[in-house]
Amino acid sequence: MSREARVGIFVLLGLIVLTFFTFRVSKWGLIAEKGYRLTVDFDTASGLEPKSDVKMAGVPIGKVEEIELAGNRARLILRIQQGIRIPIDSVASIQTQGLLGEKYVEILPGKDVQRNLPSGGQIANTLSPVNLDEMVRKLSEIGDDVKKFTDSLSATFGTEEGKKALGDILRDVAATTASLRTVVQGNEARIERILANIDRLSADLSDISAANKEDVRATIENLRAFSDTLKTETPSLVRKLEEMSERVSNIAGDNRENLKESIANLKTASARLDNTLDSAGRVMAKIDRGEGTLGKLVNDNTVANSLTGAFDGISRYVGKYDALHMTLVPWVEYQTGTSDWKYYLNLKMQPTADKYYLVGVVNDPRGKRTDSSSFISVGGNPPVETRIVNFEDDWKFNALLAKRFSRITVRGGIMESAGGLGLEYDVVKDRFSVGADIFDFNRPENNRAHLKLYGNYDIFKNLFITGGADDLLNRDSAYRTFFLGFGIKFPDDDLKTVIGAVPIKP
Amino acid sequence: MTDSTAKKNGALRLAELLGERVHAMVLDLGAIFTLFLQVVSSAVRPPSEFRNIVKQMEEVGIRSMPVVLVTATFTGMVLALQSYSGFQRFGATSFVGSVVALSITRELGPVFAGLMVSGRVGASMAAELGTMKVTEQIDALITLATNPVKYLVVPRVVAATIVLPILVVFADLLGIIGGYFVSVYLMGANPYVYMSKTYQYLEFKDIYTGLIKASVFGMLIALISCHHGFVAQGGAEGVGRATTRAVVASSMMVLISDYFMTSFMF
Numbered sequence: 037m038s039r040e041a042r043v044g045i046f047v048l049l050g051l052i053v054l055t056f057f058t059f060r061v062s063k064w065g066l067i068a069e070k071g072y073r074l075t076v077d078f079d080t081a082s083g084l085e086p087k088s089d090v091k092m093a094g095v096p097i098g099k100v101e102e103i104e105l106a107g108n109r110a111r112l113i114l115r116i117q118q119g120i121r122i123p124i125d126s127v128a129s130i131q132t133q134g135l136l137g138e139k140y141v142e143i144l145p146g147k148d149v150q151r152n153l154p155s156g157g158q159i160a161n162t163l164s165p166v167n168l169d170e171m172v173r174k175l176s177e178i179g180d181d182v183k184k185f186t187d188s189l190s191a192t193f194g195t196e197e198g199k200k201a202l203g204d205i206l207r208d209v210a211a212t213t214a215s216l217r218t219v220v221q222g223n224e225a226r227i228e229r230i231l232a233n234i235d236r237l238s239a240d241l242s243d244i245s246a247a248n249k250e251d252v253r254a255t256i257e258n259l260r261a262f263s264d265t266l267k268t269e270t271p272s273l274v275r276k277l278e279e280m281s282e283r284v285s286n287i288a289g290d291n292r293e294n295l296k297e298s299i300a301n302l303k304t305a306s307a308r309l310d311n312t313l314d315s316a317g318r319v320m321a322k323i324d325r326g327e328g329t330l331g332k333l334v335n336d337n338t339v340a341n342s343l344t345g346a347f348d349g350i351s352r353y354v355g356k357y358d359a360l361h362m363t364l365v366p367w368v369e370y371q372t373g374t375s376d377w378k379y380y381l382n383l384k385m386q387p388t389a390d391k392y393y394l395v396g397v398v399n400d401p402r403g404k405r406t407d408s409s410s411f412i413s414v415g416g417n418p419p420v421e422t423r424i425v426n427f428e429d430d431w432k433f434n435a436l437l438a439k440r441f442s443r444i445t446v447r448g449g450i451m452e453s454a455g456g457l458g459l460e461y462d463v464v465k466d467r468f469s470v471g472a473d474i475f476d477f478n479r480p481e482n483n484r485a486h487l488k489l490y491g492n493y494d495i496f497k498n499l500f501i502t503g504g505a506d507d508l509l510n511r512d513s514a515y516r517t518f519f520l521g522f523g524i525k526f527p528d529d530d531l532k533t534v535i536g537a538v539p540i541k542p
Numbered sequence: 057m058t059d060s061t062a063k064k065n066g067a068l069r070l071a072e073l074l075g076e077r078v079h080a081m082v083l084d085l086g087a088i089f090t091l092f093l094q095v096v097s098s099a100v101r102p103p104s105e106f107r108n109i110v111k112q113m114e115e116v117g118i119r120s121m122p123v124v125l126v127t128a129t130f131t132g133m134v135l136a137l138q139s140y141s142g143f144q145r146f147g148a149t150s151f152v153g154s155v156v157a158l159s160i161t162r163e164l165g166p167v168f169a170g171l172m173v174s175g176r177v178g179a180s181m182a183a184e185l186g187t188m189k190v191t192e193q194i195d196a197l198i199t200l201a202t203n204p205v206k207y208l209v210v211p212r213v214v215a216a217t218i219v220l221p222i223l224v225v226f227a228d229l230l231g232i233i234g235g236y237f238v239s240v241y242l243m244g245a246n247p248y249v250y251m252s253k254t255y256q257y258l259e260f261k262d263i264y265t266g267l268i269k270a271s272v273f274g275m276l277i278a279l280i281s282c283h284h285g286f287v288a289q290g291g292a293e294g295v296g297r298a299t300t301r302a303v304v305a306s307s308m309m310v311l312i313s314d315y316f317m318t319s320f321m322f
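Quick mapping for you: the protein sequence lines, in order, are chains A and B. One gets our numbering by counting positions in the first sequence from 1 and adding 36 to each. One gets our numbering by counting positions in the second sequence from 1 and adding 56 to each.
Since the hints were derived computationally from the structure, they do not count as laboratory data. All C-beta atoms in this analysis are idealised placements derived from N, C-alpha and C, irrespective of residue type, glycine included. Treat the hints loosely; a few may be bogus.
If you anchor each label on the Cβ, the simulated ranges turn out as follows [unchecked claim]:
| no. | chain 1 | residue 1 | chain 2 | residue 2 | range |
| --- | --- | --- | --- | --- | --- |
| 1 | A | Arg173 | B | Gly147 | 22 to 32 Å |
| 2 | A | Phe468 | B | Val134 | 38 to 48 Å |
| 3 | A | Arg173 | B | Ile312 | 49 to 59 Å |
| 4 | B | Met308 | A | Val47 | 22 to 32 Å |
| 5 | A | Phe468 | B | Gly294 | 51 to 61 Å |
| 6 | A | Pro366 | B | Leu311 | 50 to 60 Å |
In silico DSS-like cross-links for lysine-lysine, where the CA-CA straight-line distance does not exceed 30 Å [said to hold, decoys possible]:
| no. | chain 1 | residue 1 | chain 2 | residue 2 |
| --- | --- | --- | --- | --- |
| 7 | A | Lys70 | A | Lys87 |
| 8 | A | Lys174 | A | Lys70 |
| 9 | B | Lys206 | B | Lys111 |
| 10 | A | Lys525 | A | Lys432 |
| 11 | A | Lys87 | B | Lys261 |
| 12 | B | Lys111 | A | Lys70 |
| 13 | A | Lys465 | A | Lys439 |
| 14 | B | Lys261 | A | Lys139 |
| 15 | A | Lys91 | B | Lys261 |
| 16 | A | Lys87 | A | Lys139 |
| 17 | A | Lys384 | A | Lys497 |
| 18 | A | Lys174 | A | Lys199 |
Using the sequences provided together with the hints, build the complete structure.
This is the structure in structure tokens:
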């Protein structure tokens, strides 16, 4: 095979594959779309997508080409394959494959097979798609009813009593039928005789009536005569009745005054009722017009708005309060320089993840400093000045505001009763952090500010150890010290309730 | 004092080094662009290099078929495997077909074909032209009044530009087939659903943007490789260096230009 031929075959094959792809995938492609278009409107096309199937009797006959909004309904444009005829009275519906599967458009063919929908026509009849939620709700209602019924059934028959009663009934029925059977069996001959007698009796009766036809006729004649007499006698009877009723009315006449009073009472009562209803109507009308407090409440939107606002505020406040995490953190530090313990008790209030407030007290073994100088002269030498510095422990307090930027927390405020700033870095998130605090810039004797470097490590969730160096910048080496310590974190929810009264700005 | 001078020198050295690199890169880019203009201007002039182009098409296209097709098949297979295990977690395994088809046609087919061609063909172009350069065959061509760009570069560039999209068409097909086999025979997907999903969300645009990209890759690979071959100097070692540079530069260019083209055509 020549080189040209090989290249030619290569290119040709490539083009063939490309053409194959084009035909398979193209929505518009390079060729005109086959088939014809129909439109159909639905209340919702939720779940349908362009290229969803259109099926008739479960057989795919086209695709949904476009979905657009017509008014506030969904208009689907369907592309139906050439040669598929859809009767004009067909019904379109959106169906789901399985319970949760893909949606497709199902066309239920109509009866009018003589007239078919033309290209561009609209399917007028649609069925709203079944809302799965609604269906499930209805099903569960039905289920509830069934359950109630079976519950009462089981309450009746499920109990020992019910079972016993049922058993008794069945036993009675059995006994009755058994005795009936024995009666019938034991008296077959007699029953036969009775039946024969009845037979004979009816025969006799028929004979008698035939033989006494004349008598029967005479009896009927008598009856007629009686009704005739009755007719002639009726006026006198009526008169007697009239007399009786007159007597009754006389009795009523004697009590006429009483009756009158009763009726008058009824009248005034109904009039009062009328009045009451009238005034109620007036009140309602007033409310309706927006007059008065109630009317304002009912008719004025601002009231509702302000109420909503108030509720919003309350819920925001409550939310804030709920979101506020409080942690009580006591810890101690052993300072190597002074061989003394320093105690801390801080309350950390965290309204959001990136912000917290800290208030607390510190018991500092070197909190209070007293300087005294004395001149001592030993053995006639010039006196030597001896300075004695005394420390006493003292209470100091913290009040800090901290803001967190990713892993870095910046905090500032009052540190150990002096202004200060701090920076903390989370080396391992919520586990290991290092930081530096600098505070007390205005110290006596021109000393430099108090710098504290520290690292905190959480051994468990609630127990942490701390360590570092304190007062590093101090000129006096006696102040500089390393420290080691540990502390506990109480994420105390009860605490919150206790301090619940503290107002928090929403 | 001496310390700070040394420091300054160090910093300056760093800046110099950076400057040299950038300068060299700009020079390279300029040379490649000039070569491109030369190719365009000499390609439209007679006589046509038809036989040469066909020869290069065989070299770039047919000879690269096996490597491109194997790469594409396995790419499709691994893509199906991976997306299956991913989609299984939220129960969307029926979309594996769509994902494989879209990824292959839009991105992986063109890029892998481009990388393979740049490794196979770019290296051979740079080595061939580099050898001609260091053995002064190109100078000989010039003395024979033959334009080396027209004779050597134009056929390669034109062939690569034409052939790469064709390679990608095959790569798309094989990639989808590979994904199909893995999904249907290994993962037990429904073959009919798989194929219908493959075509349902695939549009013609996905395929032709891939082909346009492939075409540009082909042109870039040929241009860069020829350029590095042309500027080779220093005997066999220089040819080796030129080959390496050609492959590295054209592979990088494939990936970089891929991003920009995709963002334009998205």
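> Are A/Lys174 and A/Lys199 close enough, with their CA atoms no more than 30 Å apart?
Replying inline: violated (34 Å)
> Are A/Lys87 and A/Lys139 close enough, with their CA atoms no more than 30 Å apart?
Replying inline: Judged against 30 Å, a Cα distance of about 11 Å means the pair holds.
>> Please check whether A/Arg173 and B/Ile312 have a Cβ separation lying inside 49 to 59 Å.
In response: holds (57 Å)
> Under the criterion that the straight-line Cα-Cα distance not exceed 30 Å, is the pair A/Lys465, A/Lys439 satisfied?
Replying inline: The given pair, whose Cα atoms are some 16 Å apart, holds under the 30 Å limit.
> Falls inside 22 to 32 Å, the C-beta gap from A/Arg173 to B/Gly147?
Replying inline: holds (24 Å)
> Honestly, do A/Phe468 and B/Val134 meet the 38 to 48 Å range at C-beta?
Replying inline: Given range 38 to 48 Å: holds, Cβ gap about 41 Å.
> Has the given pair, A/Lys91 with B/Lys261, been kept, meaning a C-alpha gap of at most 30 Å?
Replying inline: holds (27 Å)
> Measuring from beta carbon to beta carbon, are A/Phe468 and B/Gly294 in 51 to 61 Å?
Replying inline: holds (56 Å)
> Is the distance from the Cβ of A/Pro366 to the Cβ of B/Leu311 consistent with 50 to 60 Å?
Replying inline: Given range 50 to 60 Å: holds, Cβ gap about 59 Å.
>> Against the 30 Å threshold, does the CA-CA distance of A/Lys174 and A/Lys70 hold or violate the hint?
In response: violated (43 Å)
>> So if I understand the rule, the pair passes when the alpha-carbon distance is 30 Å or less; does B/Lys206 with B/Lys111 pass?
In response: holds (15 Å)
> Has the given pair, A/Lys87 with B/Lys261, been kept, meaning a C-alpha gap of at most 30 Å?
Replying inline: Between A/Lys87 and B/Lys261 the Cα gap is close to 16 Å, so the pair holds against 30 Å.
In summary, the structure is inconsistent with hints 8, 12 and 18 from the numbered list given earlier, while agreeing with the others.
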